[in-house]
Amino acid sequence: MVVQARSELFDSVESLDEVIHQKVRLGIMSALMARPEADFRFLKETLNVTDGNLSIHLTKLEEAGYIQSHKEFVRKKPHTTYTPTDAGRDAFSRYLAALERIVQAAGQNV
Amino acid sequence: MSALGASIDEARDHLRVIRQTMERSTQYSTLSGWSGILIGLVAIVGVYITRSMLGGQPVAMHTVRDAAPRLAMLWGAALLLAVAIEFLYNKRRAARVGKRVVSRLGAHIILAALPAFLAGGVLTAFFYEHNLVPYILGIWMLCYGLAIAAVGLFSVRNVSFLGAAFVISGAITLLMPLTIHLYMMALTFGGFHIIYGIVMARRHGW
Numbered sequence: 003m004v005v006q007a008r009s010e011l012f013d014s015v016e017s018l019d020e021v022i023h024q025k026v027r028l029g030i031m032s033a034l035m036a037r038p039e040a041d042f043r044f045l046k047e048t049l050n051v052t053d054g055n056l057s058i059h060l061t062k063l064e065e066a067g068y069i070q071s072h073k074e075f076v077r078k079k080p081h082t083t084y085t086p087t088d089a090g091r092d093a094f095s096r097y098l099a100a101l102e103r104i105v106q107a108a109g110q111n112v
Numbered sequence: 152m153s154a155l156g157a158s159i160d161e162a163r164d165h166l167r168v169i170r171q172t173m174e175r176s177t178q179y180s181t182l183s184g185w186s187g188i189l190i191g192l193v194a195i196v197g198v199y200i201t202r203s204m205l206g207g208q209p210v211a212m213h214t215v216r217d218a219a220p221r222l223a224m225l226w227g228a229a230l231l232l233a234v235a236i237e238f239l240y241n242k243r244r245a246a247r248v249g250k251r252v253v254s255r256l257g258a259h260i261i262l263a264a265l266p267a268f269l270a271g272g273v274l275t276a277f278f279y280e281h282n283l284v285p286y287i288l289g290i291w292m293l294c295y296g297l298a299i300a301a302v303g304l305f306s307v308r309n310v311s312f313l314g315a316a317f318v319i320s321g322a323i324t325l326l327m328p329l330t331i332h333l334y335m336m337a338l339t340f341g342g343f344h345i346i347y348g349i350v351m352a353r354r355h356g357w
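Line order of the protein sequences matches chains E and R.
In case it helps, the numbering used here puts the first sequence at residues 3 to 112.
In case it helps, the numbering used here puts the second sequence at residues 152 to 357.
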């Protein structure tokens, strides 16, 4: 049983989505799961990161197809909002499930 | 620590990040523009009724003394109404994203604000006992500002700015003639809340 639990634990660790498995990107996806959309300023304030850092990670998530951006002009200023894609929601759900499996397997006296 | 152990710790840490970020996102998004505006209107109505209770007279020691019990009930009711408005809007917006309105973060926020509110209550009783009731309005602004500033530690900068505005206004009010105090109530509890509600709504949605 211990051997099986260790095996499940290794499998779960190996299955973690590398795109989401980074704190800022994880924070972005978590925030977008909690509200239908979020703009750059909201994400920056919520996650307490710099503009450059946030931009890099948003680009990575967008390239992975997990979020999409919507750019518009509000009073002549660019305003970008982000929403999760279906693929992003699925990936986040799988990632969350993998984390929970890891913690549960760890609890089985591994 | 083994690599496996590090992965387990990392998994727990990432679960914590998910929970806290989702709570913070929900809490943040439940600071509704409409609740700020409604609370501001409640305050302005309270000021109007206060003036009526004082017979249109300005705030002064002799005009407030006799009306003090009714004024206490009026502003106690206004406070309860404001809390109810905020709670109902929080509940509605939390439900929209499938979250509970009462969360660990919400409990921390209440605990952070509680000391300032308790201090306000104690000072209100003290001022009443010592016939200093007219001066309580500035104290209310100070205590409310301190409570909001404490909440701002768990929220966005705008909330901290609102708290600071109340604290500064309370200090200024206490230095001004008594006749101005009621108008400062309208400006702060009324005007500041309405402006805050509009700013939050335009920035983050209604």
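Be a bit skeptical, because a hint or two may be false.
Keeping only pairs whose Cα atoms sit at most 30 Å apart, straight-line, the calculated DSBU-like set for lysine-lysine is [unchecked claim]:
| # | chain 1 | residue 1 | chain 2 | residue 2 |
| --- | --- | --- | --- | --- |
| 1 | E | K62 | E | K73 |
| 2 | E | K46 | R | K242 |
| 3 | R | K242 | E | K25 |
| 4 | E | K25 | E | K78 |
Residues on chain R that point at chain E, a partial pick, calculated with CB under 7 Å [claimed, not checked]:
| # | residue |
| --- | --- |
| 5 | A162 |
| 6 | R167 |
| 7 | T172 |
| 8 | R175 |
| 9 | S176 |
| 10 | S306 |
Derived CB-CB ranges, DEER-like [claimed, not checked]:
| # | chain 1 | residue 1 | chain 2 | residue 2 | range |
| --- | --- | --- | --- | --- | --- |
| 11 | R | L225 | E | E74 | 43 to 49 Å |
| 12 | R | Q208 | E | G54 | 35 to 41 Å |
| 13 | E | D88 | R | A228 | 44 to 50 Å |
| 14 | R | R163 | E | E20 | 15 to 21 Å |
| 15 | E | K46 | R | I346 | 22 to 28 Å |
| 16 | E | F75 | R | E280 | 56 to 62 Å |
| 17 | E | D88 | R | A235 | 37 to 43 Å |
In case anyone wonders, no lab produced these hints; they're calculated from the structure.
Ideal Cβ positions, reconstructed from N, Cα and C, are used throughout, including at glycine.
Structure-based check of each hint:
| no. | hint | result |
| --- | --- | --- |
| 1 | K62/E / K73/E | holds, 17 Å |
| 2 | K46/E / K242/R | holds, 25 Å |
| 3 | K242/R / K25/E | holds, 29 Å |
| 4 | K25/E / K78/E | violated, 33 Å |
| 5 | A162 | holds, 4 Å |
| 6 | R167 | violated, 10 Å |
| 7 | T172 | holds, 4 Å |
| 8 | R175 | holds, 6 Å |
| 9 | S176 | holds, 4 Å |
| 10 | S306 | violated, 9 Å |
| 11 | L225/R / E74/E: 43 to 49 Å | holds, 45 Å |
| 12 | Q208/R / G54/E: 35 to 41 Å | violated, 59 Å |
| 13 | D88/E / A228/R: 44 to 50 Å | holds, 48 Å |
| 14 | R163/R / E20/E: 15 to 21 Å | holds, 19 Å |
| 15 | K46/E / I346/R: 22 to 28 Å | holds, 23 Å |
| 16 | F75/E / E280/R: 56 to 62 Å | holds, 59 Å |
| 17 | D88/E / A235/R: 37 to 43 Å | holds, 38 Å |
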